[in-house]
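Undergrad: Top to bottom, those sequences are chains A and B.
Its first residue numbered -2, the first sequence is counted upward by one per residue in our numbering.
Its first residue numbered 6, the second sequence is counted upward by one per residue in our numbering.
Quick caveat, the hints were computed from the structure, so don't treat them as lab data.
By construction, the Cβ of each residue, glycine as well, lies at the ideal position given by its N, Cα and C atoms.
A few of these clues could be false.
Unchecked claim - Per label pair, the in silico range of CB-to-CB distance:
| # | chain 1 | residue 1 | chain 2 | residue 2 | range |
| --- | --- | --- | --- | --- | --- |
| 1 | A | P52 | B | T69 | 27 to 33 Å |
| 2 | A | S64 | B | N89 | 18 to 24 Å |
| 3 | A | S64 | B | D118 | 36 to 42 Å |
| 4 | B | K66 | A | N67 | 35 to 41 Å |
| 5 | A | D136 | B | T69 | 46 to 52 Å |
What the hints assert, rightly or not - Some chain A residues close to chain B (C-beta under 7 Å, calculated; not the full set):
| # | residue |
| --- | --- |
| 6 | G44 |
| 7 | G45 |
| 8 | N46 |
| 9 | Q50 |
| 10 | M153 |
| 11 | N156 |
| 12 | K158 |
| 13 | Q160 |
| 14 | L162 |
| 15 | A163 |
| 16 | S168 |
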Amino acid sequence: MKTHIILLGIATALLASCHRQVAIKSLPCCAKDAAASVAGASDGTQGGNSIYQLPGMWTDQHEKQLSLSNLKGRPQIVAMIFTHCTSVCPRIVEQMKAIRDSLPASIRNNVGGVLVSFDPQRDTPAQLRVFAAQRQLDDRWELLKGNDDQVRELSMALNVKYQKLAGGEFSHTGNIYILDKEGNIAGAVDGLSSSVHNADALLASLARK
Amino acid sequence: MKSLTILFLIACLLAPRKNSGEALPGKRHVAHARSAAGMVAVPGGSYHYFLRRKDQPAAVKVHTFLLDVNAVTNDEFLAFVKANPAWARSRVARLFADAGYLKQWAGDFEIGDDKIKNSPVTNVSWFAANAYAKWKGKRLPTLTEWEYAASAAPEGMAKGARLTRIILAWYDHPNPVILPEVRSTYQNTYGLYDMHGLIWEWVQDFNSVIIQPDSSSGGTSASSFACAAGSLNSVNKEDYAAFMRFAFRQGLQARYTIQSLGFRCAKDY
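Make a model of the complete structure from these sequences and hints.
TA: Structure follows, in structure tokens:
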């Protein structure tokens, strides 16, 4: 019996790997959770699904200390990267910029970009500043470094998978997450996709809410 | 499979019957001076990756670390919830645990069934396990530490017996309705109980499992995984039992709660 359950689990895991996450989607977990967080208020659970509940202070590229809840108030486009990444991270950042640039200016100014580093050792605020300049990221972008525990917890909340490799590089999944004003995950886009899909429409609707 | 079951039972019978939290004395154990109560020092060594990237070394050095002798029990977890009511069943945020959290309990601060007091706590999310460990001044073991510690053979294992066979025998058993108490299976040569045979256990970095075709890109996205490519970079294809664990971890999310998934804590030595 247990074997069957496990095999089912493995099959599910493998199927999940096969699923091409190209189109933006309301994550199944979160579509349900949007309702659940409302229900959550009545059954006593607190805080719902907002990732802004994660504890800890982060340091940004301007050496400012902030908690994730400081990101409240506007929709955010979020990804986890490391600045020494020469392969996929630059493409993820370009994709985030493309999503933001596809918005009308009035909305764009109310949508933030957040890059969280996997690599607190090398991604100092100064290094994050250099990266922001290289990538031409405006002042609506926050580049954050935290400690290893905070990075792990955030990856867990976002369902980002990553592993530090022997040479100091990181192997990681490359999704871009769209957060609503309260920090709930409203959707995800493949960071390596060449289309913004419906991320612009989603962000526009979140910004107006 | 019957023969495997019998083998497993034999292994259990052969396992030493020790009730104290101390590790067995012996050359394989390092000094216990810095061991906390209920923990043993697992001596450092080398862990050979089960899933390996071609551009990465085959093995990694594991430093000596402390690990709980047995998994955290319902009773122990109750003390945590009482001290940290934000982790009570009806109050925990959905970000941190799904709706099945602690569903085996009678209420927020009540286990109910005395029979499970000393059974491993299950239906706990990674976030809850992580919070418990921090509260104890400990941490969750890393995946590498856990696999390294769990690879030790049962104390007194019959000559010619193989740990993999014992694990597969466990997989083959249905889940008991009431989980047995901790320390009810075997003790391994590090002095750890139930590393296999009772529950699955959370590790600190379970989300480091990225089953993918071999790739030198230094990163990948969800869409670049190839179907069923998981076994391509597994080092030991015979170790089906380990493959099951890695596939299980790959399917987990940190908020999930599962009836056969609990945890134990570790600490730096």
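Undergrad: Evaluate each hint against the coordinates.
TA: Here is what the structure says about each hint:
Between A/P52 and B/T69 the beta carbons are some 30 Å apart, a value that agrees with the proposed interval 27 to 33 Å. Between A/S64 and B/N89 the Cβ separation comes to about 20 Å, which falls inside the hinted range of 18 to 24 Å. Taking 36 to 42 Å as the suggested C-beta distance range, the pair A/S64 and B/D118 conforms, at roughly 40 Å. Take B/K66 and A/N67: their Cβ atoms lie about 39 Å apart, and the range 35 to 41 Å holds.
For A/D136 and B/T69, the Cβ-Cβ distance of about 48 Å falls inside the hinted range of 46 to 52 Å, so the restraint holds. Contact between A/G44 and chain B, as hinted, is supported at the beta carbon level, the nearest pair being about 4 Å apart and thus within 7 Å. Among the interface hints, the one on A/G45 holds; its C-beta lies about 6 Å from the nearest C-beta in chain B, closer than the 7 Å criterion. Because the closest C-beta pair between A/N46 and chain B is about 5 Å apart, less than 7 Å, the hint holds.
Here the hint on A/Q50 is kept, as its CB sits about 5 Å from the closest CB of chain B, short of 7 Å. Nearest Cβ of chain B to the Cβ of A/M153: about 3 Å, under the 7 Å cut. The hint holds. Here the hint on A/N156 is kept, as its CB sits about 5 Å from the closest CB of chain B, short of 7 Å. Among the interface hints, the one on A/K158 holds; its C-beta lies about 5 Å from the nearest C-beta in chain B, closer than the 7 Å criterion.
For the restraint placing A/Q160 at the interface with chain B, the shortest Cβ-Cβ distance is roughly 4 Å, inside the 7 Å limit, so the hint holds. Restraint check, A/L162 versus chain B: the minimum CB separation of about 6 Å is within 7 Å; hint holds. For A/A163, the interface hint holds, since its Cβ comes within 7 Å of a Cβ in chain B; the closest pair sits about 5 Å apart. Interface restraint check for A/S168: the shortest CB-CB distance to chain B comes to about 6 Å, inside 7 Å, so the restraint holds.
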